[in-house]
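K.L.:
Chain residues, written in single-letter form:
Number of protein chains: 2
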Amino acid sequence: MSILVVGSVALDSIRTPFGEVEDILGGSATHFSVAASFFNRVRLVAVVGEDFPPEHIDFLASRNIDLGGLKRVPGKTFRWKGYYEFDLNDAHTVDTQLNVFEDFDPDIPEEYRDSEYVFLANIHPALQLKVLEQMRSPRLVVCDTMNFWIESQRQALLETIARVDYLLLNDAEARQLADEPNLVAAGRKLLTMGPRRVIIKKGEHGVIMLGKGVFFSLPAYPLETVFDPTGAGDSFGGGFLGSLSRYPAMSDEEVRRSIVYGSVVASYNVESFSCDRLRDLTAEEIEDRYREFTAITCF
Amino acid sequence: MSILVVGSVALDSIRTPFGEVEDILGGSATHFSVAASFFNRVRLVAVVGEDFPPEHIDFLASRNIDLGGLKRVPGKTFRWKGYYEFDLNDAHTVDTQLNVFEDFDPDIPEEYRDSEYVFLANIHPALQLKVLEQMRSPRLVVCDTMNFWIESQRQALLETIARVDYLLLNDAEARQLADEPNLVAAGRKLLTMGPRRVIIKKGEHGVIMLGKGVFFSLPAYPLETVFDPTGAGDSFGGGFLGSLSRYPAMSDEEVRRSIVYGSVVASYNVESFSCDRLRDLTAEEIEDRYREFTAITCF
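Listed in order, the protein sequences are those of chains A and B.
Using the working numbering, you'd call the opening residue of the first sequence number 1453 and step up by one each time.
Using the working numbering, you'd call the opening residue of the second sequence number 1453 and step up by one each time.
Incorrect hints may have been included.
Which copy? The list can't say, so a pair holds if one copy fits it or any two copies do.
[As the list claims (entries may be wrong)] Below are the SDA-like pairs computed for lysine to any residue, each with C-alpha atoms no more than 25 Å apart in a straight line:
no.	residue 1	residue 2
1	Lys1664	Val1525
2	Lys1664	Arg1743
3	Lys1528	Thr1746
4	Lys1533	Ser1604
5	Lys1664	Leu1519
6	Lys1641	Ser1724
7	Lys1528	His1508
8	Lys1664	Asp1740
9	Lys1528	Ala1543
10	Lys1664	Ala1747
11	Lys1641	Phe1470
12	Lys1641	Phe1538
13	Lys1533	Phe1679
14	Lys1582	Ala1614
15	Lys1523	Arg1627
16	Lys1533	Glu1474
17	Lys1533	Asp1728
18	Lys1641	Phe1679
19	Lys1523	Pro1505
Honestly, the hints are just simulated from the structure, not real lab data.
Nothing here was measured: the structure is a model prediction, and the numbers come from that model.
When you get a sec, could you build the whole thing from the sequences and use the hints?
P.N.:
Written out as structure tokens, the structure reads:
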């Protein structure tokens, strides 16, 4: 039951209404891996530069994460700088330095190609497709994306999502990709583009999942303080796919439960900068909040 | 088990992406009454002008609605003209003609003053308070409001909500009244202002309910087409209070169930202009959609 993730490992500089930090551990593959590692072993494929702090490597290695696919190459690590206003819904990018990520061309290690669960984090859709072509016969492929690719690489993105099982994106991206303002109609339209299921993340409003004859809606965990929303979507993906990888039958009920686990881990992740809250998060805390989700939604 | 509502009965002219209509039956008390009448008898207190079409009176009288408190006075009926863009979340007002509503001074008929359930629809908060002062000992008072009163009559509004059991408002209004961007924190702050419970309507994102040690979150029914959102909040209020009036114990579970019934009726109400969809809505359809709410939220 191995999970492969291909995406970014980055150094983030972030300002929120609650604080400001420089060059902290970030990146889509980072947030995914740490979140998924609570449920299953993760194989991480990404690239960092020579300046990547060894303590971050040590931290990732201390989790249930296989770093055999994390390349260290000459140059500087991918850096993102941004801030959030009080509503915390939109990330405002101040600066993006791709650095070594600019030439990232994921070569999946031979021993990773049998991975059963694949998470294509938010990278160029042509690279996502290239990853897929290297895999033997994954049981489930989940694909994330972002507005930048929807605008600039629409055709490549459509080719990629036609070949994945689950498409994961946020509400604005779903509306944009489907060219449809109603979110439910947008989700239905995205289903016609190939994926078996579409999961739409709505931030403070929770998440919806659509499939053929299937609809599931889960509210967000009611946090009074979202400290830093960076990585919420990727940690949701990690919690979701990590949980689902423990249910080989992947029944509708198991998919729903995994969406709750994804939401649980994401709700913890946004309580601190980076994935700091996940460093000391316990399995018991995860189960506690899962039960709280039941309590706040049952009727 | 009588329900009293005080609010507006109006003639609306509305444009949505799906159509345009003139002088159709509208108003907060109208939408509330028709929705609540599926569950219990409603006593309606409002005012209309001489131009109010008799067929609307006939329609309201044909429901489980007592019109003894609906005054017909010289002058024209309250008119609202507005439109919605594609996102359907914000009503844009083009014109408001208060007409006979300008001098509306609710005098509660003697035989209504023993009403057990009171819905103070969206009118001047000083008038809401005046209604309250005329009531004998209602079991439950629910108060709605809007941004206009929050901005222009804040002090009067605070006096009113200090004396009600449930405060019902939408997400933007909750943030504005609490002066707090995080919705959960806003809800908690509103609780300190007096009401035992706060219900925040989030449109396409559903509804949350907060109380002391209580939190409930229900997603919206997944409609692909919201034809006209006018009256969604009031029909939610009607379905909610109508349902709750059938559960005298008002346990937490019964309150939650009533929130689902409110959401069910509101989801039907937005499928047509005015309350047209409710004209032929059946009890069976209400139960069907209640079961669908269970199916889309359970995990």
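K.L.:
With 25 Å as the alpha-carbon cut-off, assign the pair lysine 1664 and arginine 1743 to within, between, both or neither.
P.N.:
between (28 Å within a copy, 19 Å between copies)
K.L.:
Is it within a copy, between copies, both, or neither that the alpha carbon of lysine 1528 lies no farther than 25 Å from that of histidine 1508?
P.N.:
The answer is within: 15 Å in one copy meets 25 Å, while 72 Å across copies does not.
K.L.:
Using 25 Å as the alpha-carbon threshold, which applies to lysine 1664 and valine 1525: within, between, both, or neither?
P.N.:
neither (44 Å within a copy, 55 Å between copies)
K.L.:
When Cα atoms must be at most 25 Å apart, do lysine 1533 and glutamate 1474 count as within-copy, between-copy, both, or neither?
P.N.:
within (8 Å within a copy, 51 Å between copies)
K.L.:
Reference check for the pair lysine 1582 and alanine 1614, CA-CA at most 25 Å: within, between, both, or neither?
P.N.:
Cα proximity of lysine 1582 and alanine 1614: one copy only (14 Å, versus 62 Å across).
K.L.:
Under a CA distance limit of 25 Å, which applies to lysine 1533 and phenylalanine 1679: within one copy, between copies, both, or neither?
P.N.:
within (16 Å within a copy, 41 Å between copies)
K.L.:
Please work out whether the CA atoms of lysine 1664 and aspartate 1740 approach to 25 Å or closer within one copy, between two copies, in both situations, or in neither?
P.N.:
between (32 Å within a copy, 20 Å between copies)
K.L.:
Can you give me the call for lysine 1664 and leucine 1519, within, between, both or neither, at a CA distance of at most 25 Å?
P.N.:
neither (37 Å within a copy, 47 Å between copies)
K.L.:
Check lysine 1641 against serine 1724 for me: Cα-Cα at most 25 Å, and say if that holds within a copy, between copies, both or neither.
P.N.:
between (36 Å within a copy, 23 Å between copies)
K.L.:
What label fits lysine 1533 with serine 1604 when the C-alpha limit is 25 Å: within, between, both, or neither?
P.N.:
Answer is within: at 21 Å inside a copy they meet the 25 Å cutoff, but 41 Å across does not.
K.L.:
How do lysine 1641 and phenylalanine 1538 come out at 25 Å by Cα distance, when the copy is not named: within, between, both, or neither?
P.N.:
between (32 Å within a copy, 17 Å between copies)
K.L.:
Is it within a copy, between copies, both, or neither that the alpha carbon of lysine 1528 lies no farther than 25 Å from that of threonine 1746?
P.N.:
For lysine 1528 and threonine 1746, the Cα distance exceeds 25 Å both inside one copy (45 Å) and across copies (51 Å).
In summary, the structure is inconsistent with hints 1, 3, 5 and 15 from the numbered list given earlier, while agreeing with the others.
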